[in-house]
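K.L.:
Take a look at the letters that make up each chain.
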Amino acid sequence: MPAYAVVEKSGSRSCGSNQHIDLESLGYGTVKHYAPTGNLQATYQTVNAQYRRTHTNQTSSSWRITSTGGLSNDFTGAFCDNVAP
Amino acid sequence: MPQRPRGLFTSAVPGRSTRAAGLAAGLILALPGCNVNADVSENPEQGGSTTVGQGAPVPGTEGQAHPTSDWTPDVPLDNEIQMSQAEKLQARAEELRTQAQTAGIEDPPEVELVRWIKPEEFAPTNVRCLNEAGFDVGITDDGTGIDSRTIPGAQTEALELAIYTCTAQYSIDPRYAHPLNDAQLGIMYDYLVESYVPCIEALGYPLAEPPSKQVYVGSPAMDRWMPILELRRLPQSQFSRVVMNCPETPASDVLYGS
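Just so you know, the sequences run in chain order A and B. Here the first sequence is numbered in our numbering, starting from 1 and rising by one per residue. Here the second sequence is numbered in our numbering, starting from 1 and rising by one per residue.
It should be emphasised that the hints constitute simulated quantities derived from the structure, not laboratory data. Computed from a predicted model, the values in this text were never measured in an experiment. Check before you lean on any hint, since a few could be wrong.
To be verified - Now the stretches of chain A that chain B is said to cover, found in silico as 3 or more residues with beta-carbon under 8 Å:
id	segment
1	22-33
2	38-50
3	54-63
4	70-82
A virtual CB, placed ideally from N, CA and C, is assigned to each residue, including glycine.
Please construct the entire structure, taking both the sequences and the accompanying hints into account.
P.N.:
Dropping the structure here:
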C-alpha cells in the first residue's frame, strides 16, 4: 500500500441550504460510506483503484469511509453537492 | 486521439430490461463507446425515509446495474492471470477477515462460498442476496454498489453481518483483484483513450489530454490517470449519468482473460 494511502477516514461536514453531503472515495477492496458515522449509506467492492461517490440526504453530519484495501487520502472525503431544484 | 467505432454496452444483469437514455440519445447512438441501454433516471425510492424491516423483500427496488462494455482490444491479452483454487480461497479468507474487522464483526460466521463472481456482478448479485435476507437495499445511482441509505441506523449492525455473509457467499474472484500487469495496463489505457474518453466527451464534458501510455503504465495505481476524477464535482445527477453511460473499465474477460 502506498505511504499516502489510508484504510479509514472520517470527519464532519456542514453544508449550506439546498446542499446535501456527498461522500467520495478512491480506493480498493471493500469500501463503505457512512453518514452519519453509524449509518451505512453504500458498499462497494473495487478491484484496483476506483473512484466511488454516494449522495446522501444529510445537510450536516459526521461521516466515515472504510476500506479493506486502501484509500487515497486526496480523493476520499465528503463535500457539499447542490440539490437539484 | 484514435477513435474506432465500437459496439454498444449491455446490462450486467442477464435478461434485465433496459430503457434508452433519453437525454442526448440521438447523439449517443452515433458515437463510439456510449451506452444507449443505461437507465440514467433517478430512483425516487432511494431518497425517501421509508421504514424498512427484515421481512419480505420489496420487489422493484434493485435499481439499475452498471453496464459493461463490449469493447475489445486489437491485441487480446495473452498472459492472463492464473490462481489455484487454494490461492483464491486464501485470498478470500484474508479479505473476509479484514472486512469483519473494519465492520466491527467480532465473531464472524463460517460462510460457504456459493460461487465466484466477476466485479460487474457485485451489485446485482449482492443486492439480490440482501433482499432475500430481508434488507430493502438497492443498487447505487451509479450502478456499482449496494445502496443502503433507507436502512435505519439501528439496523446497521445486522446489515453489516448480512453484507459480510452475502459477499462471502458471492465473492469476487480474487484473480480480478490482482494488481494489473503492464500488458493489462496497456489494454486499460487503450480502452480509456478509444472508448471511455470519447463516451464522456460525447455527453458534453471535455477532458484534459491523456498522458502517454508509457507514463500511464508506469504510474502508481492511485496516481494513475483517471478521467472521472475531472468530473467529481459535477452535481450528482450529471455524475451518475456519466457513470451509467460510460463503463470505467472494459469487460473483465477482456482485461483479465476468460
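K.L.:
Are the hints correct? Go through all of them and say.
P.N.:
Cross-check of the supplied hints:
Coverage of the segment 22-33 of chain A by chain B holds [criterion: at least 3 residues with CB-CB distance below 8 Å; count 8]. Check result for the segment 38-50 of chain A against chain B: holds, 13 residues qualifying (beta carbon to beta carbon below 8 Å, three or more required). Counting residues of the segment 54-63 of chain A whose CB falls under 8 Å from any CB of chain B gives 4; the rule of at least 3 is met. Residue count for the segment 70-82 of chain A with a Cβ under 8 Å from a Cβ of chain B: 6. That meets the three needed, and the coverage hint holds.
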